[in-house]
Each structure stands twice: as structure tokens, then as C-alpha cells.
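S.K.: Sequence:
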Amino acid sequence: MLNRAVLFSLAGLTVSSLQLVSASEEHYHHGGHEGGHSDHSAPPAPGSLDTLPYYFAHPDHKGLLYGHIALMSIGWIIILPIAVVLAIAGSRYHFPTQLLFLIIHGFGVFLSILYNSATPDLYPNNSHHKLGWAIVWILAVQCILGVLGRTIRFARCTGTLGGTKEETSRFIPVPAQDLEDHHHHHHHKSQRYSTDSGQGSDEYHSRSPSASSLESHRYGNFESVDLPLVEGHANEKMTLLERLTSTSRLESLLLRCLPFLLRLRVLRISDALYSLIARFLVVLGFVQISLGVVTASGMFMGDRVFNGLAHFIKGGIFFLYGVLTLGRWLGAFSELGWAWNVKPPQEYGGKWRSRIPPAEMIESSVIFTYGASNVFLEHLAGQGGAWSHADLEHVSIAFMFFGAGLCGMLVESRWIRNVLNQSVIVQIGENRPYNIETPRQPGTADHKMSLNPLPALVIFCLGVMMSQHHQSSALSTKIHVQWGTLLATFGVFRLFTYVLLYLSPLTSYYPSRPPTEIIGSFCLMAGGLVFMASNKDTVAALDRANGDAMFVLTVIIGFTVLAMSWVTCVMTIKGWALRREQQSVHEPTIHVPA
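According to mature numbering (1 follows the signal peptide of the UniProt record, and there is no 0), the sequence shown holds residues -23 to -1, 1 to 571 in order.
A few of these clues could be false.
Said to hold, decoys possible - Label-pair ranges, simulated between beta-carbon atoms: (1) SER449 <-> ARG332: 12 to 22 Å; (2) THR96 <-> MET527: 28 to 38 Å; (3) TRP329 <-> GLN399: 38 to 48 Å; (4) SER390 <-> GLY83: 24 to 34 Å; (5) VAL532 <-> ALA34: 34 to 44 Å; (6) PHE263 <-> ALA95: 23 to 33 Å; (7) HIS446 <-> GLN560: 50 to 60 Å.
What the hints assert, rightly or not - As a list, the in silico SDA-like pairs of lysine to any residue whose alpha-carbon atoms are at most 25 Å apart: (8) LYS291 <-> VAL532; (9) LYS107 <-> LEU77; (10) LYS455 <-> LEU478; (11) LYS291 <-> VAL243; (12) LYS291 <-> MET426; (13) LYS107 <-> THR96; (14) LYS39 <-> VAL118; (15) LYS291 <-> GLY304; (16) LYS291 <-> SER50; (17) LYS39 <-> SER50; (18) LYS291 <-> ASN102; (19) LYS39 <-> ARG127; (20) LYS39 <-> GLU370; (21) LYS455 <-> LEU530; (22) LYS107 <-> LEU79; (23) LYS291 <-> CYS384; (24) LYS455 <-> GLY304; (25) LYS107 <-> GLY40; (26) LYS107 <-> GLY304; (27) LYS107 <-> ILE374; (28) LYS455 <-> GLU370; (29) LYS39 <-> GLY304; (30) LYS455 <-> CYS384; (31) LYS107 <-> GLU370; (32) LYS291 <-> SER365; (33) LYS291 <-> ILE90; (34) LYS107 <-> ILE51; (35) LYS455 <-> GLN265; (36) LYS107 <-> GLY83; (37) LYS107 <-> ILE90; (38) LYS107 <-> ALA367; (39) LYS291 <-> HIS71.
Because the hints were derived from the structure by calculation, they are not lab data. Don't be surprised by glycine CBs; every beta carbon is placed ideally from N, CA and C.
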């Protein structure tokens, strides 16, 4: 349920962001300024933006500003992704990593408070400060959920729910292997693949039992089992970290005042919400870093905010889509069949995973929803006025998204595919089985992998059109050609991926990792960043500094390959953590009386 909630929430967030950008584009276009893709108005006069104060140019207390930037960059770019993947893997190292992130984030917030109190407000009512405090509250909620889950898990392990406080103080928790053996003795262990939403590097068949054991250890699957406990003095066995993170007092308080919170259902809900917040924090971190760059640089003030919204939101979505594409190539979402692999059967992935549609269905749904809503928003700001050629261009793009998304959803419908196969069934006759097998490929009525090129075709057409979109300055035109060409190149390589899969169908649960996809992810990430850099303020700043389009492309390409390397490292850490937790589940443990 968690993975499905994440997928649909991400899709809804993407559509909502695109709708906001559409409205911003219309307001800006009809206000006499450039829209999301056009730059027909004259750029600011040289030096007009230099007279506006901004934080990077402020001479005082630069150490506090740079310290804040350094701490937040380390916390959100390095520590947080590691903490998230360790949480997904159910690793014992998640808590210290998350604690380190909170400490770094706390110091970063403290430095920002000192800097804001010592400097004037150079960017009134900016979103960076507002979202920053919202993130603080989100982190507080996540901490409460984490402590609650840890307390419930400890209470169920130590038997507090089944005995008195005096009895509980005489026991220490049993290691996971003993719990697994006892659970196996009383219950039949079902074959499970994994609850992880991004693992694809372990063996499906061999790791299923251990993954089930790891799952039992992770969620405290002790609903109706009398747990064997080992006598001893818990305090003598606890390490310093365990003493600092002990929840025995909170456990006793909840047992006396709110005993219903110690139920297994509450544990699962708190764990699900904790993991959901952890995943969204990665996206919020990218948004907050982008807003920090905008605020410190003094960009998008006044009416220029609409142009900034259009470029940053759409470019950011393409960048995150590229990260997701790279993650799929590395093995993320392999249990859903999204890592260019055969989707594992129900006994390995659970019943709900069998109902998750292919990735192309999600892409087509987002494209369709954006196009359907945008058709009615393109002329909203100029309602009652004459339609310009720019209005018709934007509406045509909306119709392209609407039609391609609808067609993509129809192609992905299994019912429609079966109906289209009906003519073959009628020709052969009713006395023949419906699941017709041919010498080349059995069971052609049920495809193992979706080969739906329509989402890639939409991005290809969008890139071609935007690379030919005329701008008011030569520099802006060249930058638009760059990101339009990169997006179009992604569409070409995604089509090459489908050609490879059509010629050599998938046969394994392992991620196939077609080489065309890693090139496509690079084009999406680089194209999204160039898209963000093609805004009006950035182009004006490059003009003042005598910069050229080549400078933008080279810097962004260098940053992109570094980001791809870091994503690969994070996914490697995740796979290592999963393997280590599996090994710890099967390690024999000798119990010595305390």
C-alpha cells in the first residue's frame, strides 16, 4: 500500500505543479512578459538588475551564509538520501544516520536564524524561509512517528504487552533469528519478495525466505505468538547507543495512558507514514535547495516570479524524472516490473503489487491529466480577448499531451488488448483455446513488458518544438535549443530501448539495464537543469557577464554526471544494507544468561 500511495501521490503532485505553471505562464504572457517557453519581450536593460540588493552580494556576515549553505548541502544532498535508503532497507544504521542529519539540519537552521537577525530582509516574503519552517515541522512529525514505532516494536519484542513491568525488567529482547525460528515453528512462512520499493539487485528466488524473515523482524510480526525471552539484566546488556535511545519510560507511559497505541496496526501505520515522509523529503530537499539559490541570488522578484515558476517547476520535474529513470536502470521498483525486468509473481511480491500498472501507464496518466486540464487554462488570463498565435501554440501542445496520454492509457488497458485480439479468436474458431501460442513467443495475449512509446514520443515532440521556439535574444534561443535537443534525444533513446526489448524480450526477474536508458536519464537530468537555467533572470545575468550558451551546457553536464554518480552510490549503499540485514537474520546467536 505504501508504494502505491507514493506513486499516486507523486503523480498528483506532478500534475498539480504543472497546472500551477500553466496558470503562471498565462498570467505572465498576457501581462506583456515572457511565458514559460517564450521570451518575446525585451530583456532588462544592462545594470537594471545589478542595482537590486541580494544576499550573495551583501558584504556582511558572509561566513554565516556560507556555513548555512555548506551544512544544508551536506545534510540534504549527502546524509538524507543515505538515511532514506537505509530506512527502506530496514537497516540498523538508519537511526544514527537520521540522527546525524537532524543534528546537521538543526545547526544549519541555527546559522540561518543568526544570519537573518543580523542582516536586512533583502527578499521580502520569500518562499525559502516559509518552506524551511514547514520542513522543520515535517521533520518533527517524522521524529514522533519514528519514536512511536520504535517504542511499539520494543514493547512487543520485550513482552511488555503480555506481562507486568517487573516481569519485563527481567528480560532482554530475543535476537531476530530466534524469533524467526519460533515463528516458523508455529506458522507457515509465506514466500515474499520484499516490501522494498527499489531493490533489484538480489536474487528473487533465493532471497524470498530471508526477505520474509527480514520483514517479520522489521515490523515486529508478533501478533499472536508467545515469544521466548531470555532472562537477564537488560541494562547490563545495553550499549551506550541503546541506553541513549531506550524507550522504556515512554513505553510504560503509553501502556498506562494510551495502551491502544501499542497495537501492531498502529506500528504498521506509523512505519508507513514515516517511510512516506522520508521519500517526500528527498523531493522537498530539491525544492528547498532550488528556492535557496533563487533567494540568495535575488532572482524572480516582482512580476518575474511567473517566468521563474514556469522554468524551475517544469525543469525540476524533468530533472527528477531523469533521476527516477536512472533509479529504474539501477534496479529501483524491480518488484513492480519497472526496472526493465519481468514482474515477479504474486508469491514473491504480494497481491497488491500485481495490481500496480506498468510505468508507462503512470506516465500516460500524468500526461493525459496535464493536457486535459491545460486545455482550459491556456486562455484563462486573456478570457474575452482575442486569441494570439502564442495561445494557439500552447493549446496545441496541451491537445498533444491530452491525446497522447489518452492513447497511451488505451494501449496499456489489458481489456482493450483482449478486445482487439477478438478478431483472431473469431477467425480460428470457438473450439480453440483463447490463449493462442505461437512457435515464436507463447502467451502473446499477456505481455510481460509494456512497449508503449507514446510518453517518449510526447517528450520527443516537445523537445523538437521548444528547440525551434524563437526568443528575443540569441543567447536565450541557443539555451532553449540545448534543452529542447536534450529532451528530444531522450525520446529517441527511449524508443531505442523499446526496439531492443522487442527484438530480445525480457525473461528474467533481474533488471536488464539496457544501455539506452542510462543515456536517456542523462538527457533528462541535463535537459531539466538547462531548462531551469533558461529563465529570464539567468539569461540576463549571463548577458551582463559576457557568458555564452557553451558555458551553461558544460557546467550543467559536469554537475549532471556527478549527480548520476551519487545516485549510483546511494543505490549501492541500499543494496549493501539489504544484504547485511539478510545476513544478520541468519547469523546464529548464542544466548548467555546475564
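S.K.: Now look at each hint and say whether the structure bears it out.
M.R.: Right, here's what the structure says about each hint:
Taking 12 to 22 Å as the suggested C-beta distance range, the pair SER449 and ARG332 does not conform, at roughly 50 Å. Checked against the hint of 28 to 38 Å, the pair THR96 and MET527 passes, with Cβ atoms roughly 35 Å apart. Range check, TRP329 to GLN399: about 30 Å between beta-carbon atoms, so the 38 to 48 Å window is missed. Range check, SER390 to GLY83: Cβ separation about 50 Å, and the 24 to 34 Å hint is violated.
For the pair VAL532 and ALA34, the beta carbons lie near 21 Å from each other, so the given range of 34 to 44 Å is not met. About 28 Å separates the C-beta atoms of PHE263 and ALA95, a value consistent with the hinted range of 23 to 33 Å. Taken as a hint, the range 50 to 60 Å holds for the pair HIS446 and GLN560, whose Cβ atoms sit roughly 55 Å apart. Between LYS291 and VAL532 the CA atoms are separated by roughly 20 Å; this keeps the pair inside 25 Å, and the hint holds.
For the hint pairing LYS107 with LEU77, the CA-to-CA distance comes to about 24 Å; that is within 25 Å, so the pair holds. A threshold of 25 Å between alpha carbons decides the hint, and for LYS455 with LEU478 the separation of about 35 Å lies outside it, so the pair is violated. A distance of roughly 38 Å separates the Cα atoms of LYS291 and VAL243; the hinted pair therefore is violated under the 25 Å criterion. A threshold of 25 Å between alpha carbons decides the hint, and for LYS291 with MET426 the separation of about 29 Å lies outside it, so the pair is violated.
For the hint pairing LYS107 with THR96, the CA-to-CA distance comes to about 18 Å; that is within 25 Å, so the pair holds. Using a Cα cut-off of 25 Å, the hinted pair LYS39 and VAL118 is violated, with the two alpha carbons roughly 32 Å apart. At roughly 20 Å between alpha-carbon atoms, LYS291 and GLY304 fall within 25 Å of each other, so this suggested pair holds. Distance hint between LYS291 and SER50 is fulfilled; the C-alpha atoms sit about 23 Å from each other, no more than 25 Å.
Restraint check for LYS39 and SER50: the C-alpha separation of about 16 Å stays at or below 25 Å, so the hint holds. A threshold of 25 Å between alpha carbons decides the hint, and for LYS291 with ASN102 the separation of about 23 Å falls inside it, so the pair holds. Under the criterion of a C-alpha separation no larger than 25 Å, the hint pairing LYS39 with ARG127 is inconsistent with the structure, at around 41 Å. A C-alpha spacing of about 46 Å is found between LYS39 and GLU370, which places the hinted pair above 25 Å, so the restraint is violated.
At most 25 Å may separate the alpha-carbon atoms for a hinted pair to count; LYS455 and LEU530 meet this at roughly 10 Å. As the CA atoms of LYS107 and LEU79 are separated by approximately 19 Å, the hinted pair is consistent with the 25 Å bound. The suggested pairing of LYS291 with CYS384 holds, with an alpha-carbon distance near 23 Å, which does not exceed 25 Å. A C-alpha spacing of about 30 Å is found between LYS455 and GLY304, which places the hinted pair above 25 Å, so the restraint is violated.
Restraint check: the Cα-Cα separation between LYS107 and GLY40 comes to about 23 Å, which is no more than 25 Å; the hinted pair holds. Only pairs whose Cα atoms come within 25 Å are accepted, and LYS107 paired with GLY304 is rejected, the gap being roughly 30 Å. Restraint check for LYS107 and ILE374: the C-alpha separation of about 34 Å exceeds 25 Å, so the hint is violated. Distance restraint check for LYS455 and GLU370: the Cα-Cα separation of roughly 20 Å lies within the 25 Å cut-off, and the hinted pair is therefore satisfied.
Our distance criterion of 25 Å between C-alpha atoms is broken by LYS39 and GLY304, whose separation comes to about 37 Å. At most 25 Å may separate the alpha-carbon atoms for a hinted pair to count; LYS455 and CYS384 exceed this at roughly 33 Å. The suggested pairing of LYS107 with GLU370 is violated, with an alpha-carbon distance near 36 Å, which exceeds 25 Å. Restraint check: the Cα-Cα separation between LYS291 and SER365 comes to about 23 Å, which is no more than 25 Å; the hinted pair holds.
Straight-line distance between C-alpha atoms of LYS291 and ILE90 comes to about 31 Å, which puts the hinted pair past the 25 Å bound. Between LYS107 and ILE51 the alpha-carbon distance is near 21 Å, which keeps this suggested pair within the 25 Å criterion. Between LYS455 and GLN265, the direct Cα distance comes to roughly 28 Å. Violation of the 25 Å bound is thereby established for this hinted pair. Distance check on the hinted pair: LYS107 and GLY83 sit about 16 Å apart at the alpha-carbon level, within 25 Å; holds.
For the hint linking LYS107 to ILE90, the alpha-carbon distance of about 13 Å falls within 25 Å, and the restraint holds. Our distance criterion of 25 Å between C-alpha atoms is broken by LYS107 and ALA367, whose separation comes to about 34 Å. A distance of roughly 33 Å separates the Cα atoms of LYS291 and HIS71; the hinted pair therefore is violated under the 25 Å criterion.
Hints 1, 3, 4, 5, 10, 11, 12, 14, 19, 20, 24, 26, 27, 29, 30, 31, 33, 35, 38, 39, counting from the list given before, are not met by this structure.
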